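For reference, the chains in residue letters:
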Amino acid sequence: MNTDFIQIGNGEAVTRDRIPHLAFDDFRSQALHIVANGGKVVHFFAYPDEDEVNLLAVLRTDHLLLAGCRAPEAYPSLTSECEPFHLFEREIAEQFGIRPEGHPWLKMVRYHANERGLPDVFGNDYSQDIPGNYDYYAVEGDEIHEVAVGPVHAGVIEPGHFRFNCIGERVLHLEIQLGYQHRGVEKLFLNADIKRMPILAEGIAGDTAVGHSLCMTQAVEALAAIDTDAGARIIRTIGLELERIANHVGDLGALSGDVAFLPPANYCGRMRGDFLNMSLWICGNRFGKGLVRPGGVRFPLTDEDRRVLTERITELKPQVKHVSDLLFATSSVRSRFEGCGVVSTSDAEKLGLVGPAGRASGIPYDVRRNFPTEHYHRLDIPQNAEPTGDVYARAKVRADEVLQSISIIESLLSSPIETRCVEDTSYKLAPSSLAVTLNEAWRGEVSHCLLTDADGKILHYKIKDPSFHNWNGLAMALRDTGISDFPLNNKSYNLSYCGFDL
Amino acid sequence: MLNTLKNRFEQGCRTSAYPKTTIELPARYRGRPQIHAEASSDLAAECAATCPQEAIDAERKIIDLGRCVFCGTCERLSEGRFVSFSQDFELAVAEKDYLLTAGELPSLAEHAKKHFKKLFGRSLQLRQVSAAGCNACEADLNVLATPFFDLARFGINFVASPRHADGIVVTGPVSRNMKTALLQTYEATPAPKVVIAVGSCALSGGPFRGSSEITEGLDRLLPVDLYIPGCPPHPLTNLHALLTYFKSS
Numbered sequence: 001m002n003t004d005f006i007q008i009g010n011g012e013a014v015t016r017d018r019i020p021h022l023a024f025d026d027f028r029s030q031a032l033h034i035v036a037n038g039g040k041v042v043h044f045f046a047y048p049d050e051d052e053v054n055l056l057a058v059l060r061t062d063h064l065l066l067a068g069c070r071a072p073e074a075y076p077s078l079t080s081e082c083e084p085f086h087l088f089e090r091e092i093a094e095q096f097g098i099r100p101e102g103h104p105w106l107k108m109v110r111y112h113a114n115e116r117g118l119p120d121v122f123g124n125d126y127s128q129d130i131p132g133n134y135d136y137y138a139v140e141g142d143e144i145h146e147v148a149v150g151p152v153h154a155g156v157i158e159p160g161h162f163r164f165n166c167i168g169e170r171v172l173h174l175e176i177q178l179g180y181q182h183r184g185v186e187k188l189f190l191n192a193d194i195k196r197m198p199i200l201a202e203g204i205a206g207d208t209a210v211g212h213s214l215c216m217t218q219a220v221e222a223l224a225a226i227d228t229d230a231g232a233r234i235i236r237t238i239g240l241e242l243e244r245i246a247n248h249v250g251d252l253g254a255l256s257g258d259v260a261f262l263p264p265a266n267y268c269g270r271m272r273g274d275f276l277n278m279s280l281w282i283c284g285n286r287f288g289k290g291l292v293r294p295g296g297v298r299f300p301l302t303d304e305d306r307r308v309l310t311e312r313i314t315e316l317k318p319q320v321k322h323v324s325d326l327l328f329a330t331s332s333v334r335s336r337f338e339g340c341g342v343v344s345t346s347d348a349e350k351l352g353l354v355g356p357a358g359r360a361s362g363i364p365y366d367v368r369r370n371f372p373t374e375h376y377h378r379l380d381i382p383q384n385a386e387p388t389g390d391v392y393a394r395a396k397v398r399a400d401e402v403l404q405s406i407s408i409i410e411s412l413l414s415s416p417i418e419t420r421c422v423e424d425t426s427y428k429l430a431p432s433s434l435a436v437t438l439n440e441a442w443r444g445e446v447s448h449c450l451l452t453d454a455d456g457k458i459l460h461y462k463i464k465d466p467s468f469h470n471w472n473g474l475a476m477a478l479r480d481t482g483i484s485d486f487p488l489n490n491k492s493y494n495l496s497y498c499g500f501d502l
Numbered sequence: 001m002l003n004t005l006k007n008r009f010e011q012g013c014r015t016s017a018y019p020k021t022t023i024e025l026p027a028r029y030r031g032r033p034q035i036h037a038e039a040s041s042d043l044a045a046e047c048a049a050t051c052p053q054e055a056i057d058a059e060r061k062i063i064d065l066g067r068c069v070f071c072g073t074c075e076r077l078s079e080g081r082f083v084s085f086s087q088d089f090e091l092a093v094a095e096k097d098y099l100l101t102a103g104e105l106p107s108l109a110e111h112a113k114k115h116f117k118k119l120f121g122r123s124l125q126l127r128q129v130s131a132a133g134c135n136a137c138e139a140d141l142n143v144l145a146t147p148f149f150d151l152a153r154f155g156i157n158f159v160a161s162p163r164h165a166d167g168i169v170v171t172g173p174v175s176r177n178m179k180t181a182l183l184q185t186y187e188a189t190p191a192p193k194v195v196i197a198v199g200s201c202a203l204s205g206g207p208f209r210g211s212s213e214i215t216e217g218l219d220r221l222l223p224v225d226l227y228i229p230g231c232p233p234h235p236l237t238n239l240h241a242l243l244t245y246f247k248s249s
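Residue numbers (the numbering used here), protein chains in the order written: chain A, 1 to 502; chain B, 1 to 249.
Where hints are given, some of them may not hold.
With a Cα cut of at most 20 Å, we get these calculated PhoX-like pairs of lysine-lysine [to be verified]:
{"#": "1", "chain 1": "B", "residue 1": "Lys-20", "chain 2": "B", "residue 2": "Lys-247"}
{"#": "2", "chain 1": "A", "residue 1": "Lys-317", "chain 2": "B", "residue 2": "Lys-6"}
{"#": "3", "chain 1": "B", "residue 1": "Lys-113", "chain 2": "B", "residue 2": "Lys-96"}
{"#": "4", "chain 1": "A", "residue 1": "Lys-350", "chain 2": "A", "residue 2": "Lys-321"}
{"#": "5", "chain 1": "A", "residue 1": "Lys-457", "chain 2": "A", "residue 2": "Lys-187"}
{"#": "6", "chain 1": "B", "residue 1": "Lys-20", "chain 2": "A", "residue 2": "Lys-321"}
Some chain A residues close to chain B (C-beta under 10 Å, calculated; not the full set) [said to hold, decoys possible]:
{"#": "7", "residue": "Leu-106"}
{"#": "8", "residue": "Arg-110"}
{"#": "9", "residue": "Asp-129"}
{"#": "10", "residue": "Asn-133"}
{"#": "11", "residue": "Val-152"}
{"#": "12", "residue": "Arg-183"}
{"#": "13", "residue": "Ile-226"}
{"#": "14", "residue": "Gly-269"}
{"#": "15", "residue": "Lys-289"}
Some chain A residues flagged as far from chain B (calculated, every beta-carbon gap over 12 Å) [unchecked claim]:
{"#": "16", "residue": "Arg-16"}
{"#": "17", "residue": "Arg-18"}
{"#": "18", "residue": "Pro-119"}
{"#": "19", "residue": "Ile-167"}
{"#": "20", "residue": "Asp-193"}
{"#": "21", "residue": "Arg-233"}
{"#": "22", "residue": "Arg-306"}
{"#": "23", "residue": "Glu-386"}
{"#": "24", "residue": "Ala-475"}
None of these hints come from the bench; they were simulated from the model. Just so you know, these numbers come straight off a predicted model, no measurement behind them. Note that CB positions come from ideal geometry on N, CA and C, so glycine has one too.
One chain only, chain B, in its complex shape (with noise of 0.2 Å):
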């Protein structure tokens, strides 16, 4: 007994302060996006043909968020002239044209649907359906239930059951061996319903674009309400769109 208190009092409390007070991440932390216009367009064309994910559109210098996965290659290869990554870890929107940028992205809050805010605002319950990603996605999302970020202190949570959930959570490229599964998981799913696709893969194939084995977007197969760009997206990044999607300012 004393040993568990003595562990509790070396803990403290470590739930963090977010969205009341600012979270800075390392330097290194890539977030989102800024292209330079400004660069010459023989940059861009370098950086376009060097990006692993194909993501940089030189002609109209803009980046697509649901492809990057934020690796920083055009970063290096410009030395920041054409695409520098900022610290902003806030990227989630609502259209996926939004996800084609040249750095700014619109207001979450301001896209949100509203009968989601006034349906979910004070409770949401989420299923999450893991549809053949590397487990990154997933395990940022599970961190979200430690007690840094206390996911559950604003009325949402993960549940076990569709039947219980408002909507369900979407991560990986979605496989032909998972797609029947994630379809019904969607349809035992009670309307109205949110779908929420998490990382690059459930954003656009990700890594694994171009593979017969999987689906290029989870838009092709269900209509999705909210984008969440990363690779895998910071469980901050996937907090902020959870928290401004669905709550009331």
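This is chain A alone, in the form it adopts within the complex (with noise of 0.2 Å):
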């Protein structure tokens, strides 16, 4: 079947006009379509234009597909014939009050009312407190017990709750609804002036910075048609890269913890904050905030700088190696990682797994081979990929990622690296156009759109985290598993609350 979608680049500049406007039932077969055939769904979400509201869909395949449509009022719902579209149209729904008819699972994301003043599609009161009254899903049956955890968790982490149905303790299910760390972010890009652009995707997800204001800036550079040099591609693509060691050796240690396996847990904490002070020897901040601006970066990496970091990565290399297969040798960890939270391939492709958790669950897809941008065009990223989907694959990949990202840094810092440092300015982004960016950030795919009025103007700004993606996986990999190892899951995904919630 030949479909209506343009192909378009990651990060490219498209005019709007440019974008297929078909009538809602061909949009919604093609999508279905290439949705069928292996396609992934990038974005699909609503935008107001003018009086009228219009859906659009970003899939991708080998290329990256753009079409879109009038939205209708309410419409057969697309998950009802394939599930990557689940979430995005209770997304869809809850934005703008437009309601999929026939969703297997139709309820709120995030607690919000929606931005049209329409009646609530879940029947809440938003001027309340405490908007739900959401029935959560429940087993039925004599020897079944519900856990209710969250928002506010027994650890230093984000809100979330969780609802776990078990019958002794195998979980037969797990429901997670989030929205607590709901803030606006996209409607702030909407009102906000452009010199707040850089500080709000910075806080989009703090562990993500990179990724997020790569996203952001690549928009903007589009639309803008800024030039960034290639010194500059370098010194970002070192920051993501910094950015994935640093939080994959946390989460290593982390999950070391959580199977009482002590030495490693204190080392990767240790090492991680190590390649954190990395980051905050580049530009300041331990998060890379302040790096990453339209036009290149703000700091350079001069000889010296080149040359202390390559101290330090030589010196942590070999620790890092070393703890890596401390861990994966001990018995006591393997015999807790292996089998554990298994989430097979065809769910993995069904829910739209990607980044880390997609590839524990033998889905190689990598933005950085897949839709390269800053430096990754040059580098030779390795394929990972583990067959297991269970927490013992997703340590693997994680561990693997770790070594191959401080390969990469390596060979970057040994040549000289020339830019020059871009202050905060202001600039006009083309009208009437958008743009579609995508960055493999260490969750996974990051992707933002950015779409312009006829004047310039940001008419509409959508943020996608992989943890949108992710977070059903989790959900999944509990299923039929002791609910004694949920810490052990969660940690071996550790997704964004605040990236979802936005």
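Assemble the dimeric complex from its two separately framed chains, guided by the hints.
Dropping the structure here:
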């Protein structure tokens, strides 16, 4: 079947008149066709256009595909035929009050009123402090019990609610309800001064500050036709890889702690800090905030910086390797990791898992290889995929990526890097255009989509953190798993609440 | 076993001697800002206009550390002539007014409430509530438990229940959806209790100010005893604040 979707590039400026504006029925059947044949949903959202509301889909096969249509007030849901649309349709219902008829599980995503002042699709009253009267999915039976956790958790972590339906120790079903971190970030982008955009992007998810600011920055660079020099692209690549290493190393330690093997827990905690301190050295912030700006970076990597960072990474590399070897060679660790929280490849495909969570279930997709940005065109990113889909696979993929990222940084630091640092400047975005940007952050595919109106003002700003795809992976991993293995599975994903809640 | 021991020797002892010895942070770290009053009004106005957080009052020549995210835009624009950021990470204050500064901060030790030192000086148990931030503040509070900082050696711990806590540490701009849970956690903490606001979001709404979904400052909801600026505050900023405010010198 030939479709009317057009092919676009990652970070390419596209004028909005090029977006195929299809009849809804054609849009629906073509989108379903692409996804049913292995395509994946990158974005599917509604946006206002003068007095109307449009739908827009960005799908990916080997290419990025784009088409849109006028949004009906209610429509036969795509999810009922094709699972990967499920959360996107719920989001559209919540944001714009558009009802996907026949959606198998239509419930709110983030608990907020829709933008058009329409009656809430879910019947919530957002003038109340606790707006929802949502009945969680409940398994019934004499032996069934429920465990409710959160929003305030026992550790120093973000808020979310987890509802377990168990029989004995065995979890039959885990339902995850988020929304507590909702700050209205997408809306802030609409009205924000241009000077606030980098700060906002860095605050979408602090542990992915570089990933999200790269997406925002590349979209602005595309629409304002700003050039970035090769040196800046190398430094941004180093920033993104440092972010990946720090988070993966920290989580490997936490996984080790969760199975009561304390040496790597402590070593990884310390080494994670050493990688964060490398970001601190480069840009003055441990999370890379302040590094990436439209047009390049704000800080150079001088020869002295390269020497210091190389020295540190040379010292850390064998330590990381040895701790990783220790972790995976320890039988008590292996016995807890292996076979725990399995998500099959076919479930992972249907849920649309991305990043290490997807790769651990045998889906090799990696934005750095499939849709490279920055300096990744010139790098040879190995294909990481483990077939088993368990905690072991998720840990192993991440441990492998740490060592690969260390090698990438080592090689990038080996030759002089020249860049002209940028200041925060004002810029004018192309009118009536859009840009879609994707980057492989440590959790997987981060994507932003920026649309402008006829005056070049931001008409709509759409953010997708990889956690949007992956939270359902965690819920799936818990099926038929002991409830005491929840922390372990949770840490193997370590998903973002704020990146999801926006 | 041998492998475990080999790793142990390779790792060595990593715990910092702070606060007995000082720690120098890298040159690009942006700590306590210093305003240079001799700079022209025009330059001050230009810095104020460029500040993404609108943290600079050009007329009074002061900066609001509650709003500041330490991005350094003003320092770069003025080439350090109006604002320069020092390597000083000791930023916490006991009164909100002290956040408005030309660079000097009052001694935290002198402004600490004496009865808190008596009550909590030897043992302080804190419950952390994450309320709609970006998780960077939480991450840099968490690292206080790692071997380098090793918070527990000072008798300070993060605990799992507000019932076991002497106070709460709040991060994030307190979203509407998190407000009730935060207030209930506060209520569940036995008195006398302390409230510590960590990070630009908890101090002022931070990057998210202006959103109808958040609260612009925790002090609008709860009495705050200790304000720790930063986006996020460096772990040493947090450590300094906790030690100075609660421990007897």
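Now for the hints, and whether the structure bears them out:
1. At roughly 14 Å between alpha-carbon atoms, B:Lys-20 and B:Lys-247 fall within 20 Å of each other, so this suggested pair holds.
2. This hinted pair checks out: A:Lys-317 and B:Lys-6 have alpha carbons roughly 16 Å apart, not beyond 20 Å.
3. Of the supplied pair hints, the one linking B:Lys-113 and B:Lys-96 holds, its CA atoms being roughly 15 Å apart against a limit of 20 Å.
4. Of the supplied pair hints, the one linking A:Lys-350 and A:Lys-321 is violated, its CA atoms being roughly 34 Å apart against a limit of 20 Å.
5. A threshold of 20 Å between alpha carbons decides the hint, and for A:Lys-457 with A:Lys-187 the separation of about 13 Å falls inside it, so the pair holds.
6. Pair hint B:Lys-20 plus A:Lys-321 does not hold up; C-alpha atoms about 33 Å apart against a cutoff of 20 Å.
7. About 19 Å separates the beta-carbon of A:Leu-106 from the nearest beta-carbon of chain B, more than 10 Å, and the hint is not met.
8. Evaluation of the A:Arg-110 hint against chain B yields a held restraint, the C-beta minimum of about 8 Å falling below 10 Å.
9. This hint holds: A:Asp-129 has a C-beta 5 Å from the nearest C-beta of chain B, less than the 10 Å allowed.
10. Taken as an interface hint, A:Asn-133 does not check out: its beta carbon lies about 14 Å from the nearest beta carbon of chain B, beyond 10 Å.
11. Look at A:Val-152: its Cβ gets to within about 5 Å of chain B, closer than 10 Å, so that hint holds up.
12. Checking A:Arg-183 against chain B by beta carbon gives a least distance of about 5 Å; that is within 10 Å, so the hint holds.
13. For A:Ile-226, the shortest C-beta to C-beta distance to chain B is roughly 18 Å, which exceeds 10 Å, and the interface hint is violated.
14. A cut of 10 Å between beta carbons decides the hint on A:Gly-269: the least distance to chain B is about 4 Å, and the hint holds.
15. A hinted interface residue such as A:Lys-289 counts as satisfied when its beta carbon comes closer than 10 Å to some beta carbon of chain B; here the least separation is about 7 Å, so the hint holds.
16. Chain B leaves A:Arg-16 outside its interface by the beta-carbon criterion, the shortest separation being 27 Å against a cut-off of 12 Å.
17. Listed as outside the interface, A:Arg-18 is consistent with that label: its C-beta sits roughly 33 Å from the nearest C-beta of chain B, beyond the 12 Å cut-off.
18. The beta carbon of A:Pro-119 sits about 19 Å from the closest Cβ of chain B, which is more than 12 Å, so the claim that it is off the interface holds.
19. At the 12 Å boundary, the C-beta of A:Ile-167 stays outside the reach of chain B, the nearest C-beta of that chain being 26 Å off.
20. At roughly 7 Å, the least C-beta separation between A:Asp-193 and chain B is not larger than 12 Å, which violates its mark as non-interface.
21. Even its closest Cβ contact with chain B, about 20 Å, leaves A:Arg-233 beyond 12 Å, as expected for a residue assigned away from the interface.
22. With 12 Å as the threshold on Cβ separation, the claim that A:Arg-306 sits away from chain B holds: the shortest Cβ distance comes to roughly 14 Å.
23. Against chain B, the non-interface label of A:Glu-386 holds: every CB pair exceeds 12 Å, the least being about 23 Å.
24. With a closest Cβ-Cβ approach of about 20 Å to chain B, A:Ala-475 is found to remain outside the 12 Å limit, as its non-interface label requires.
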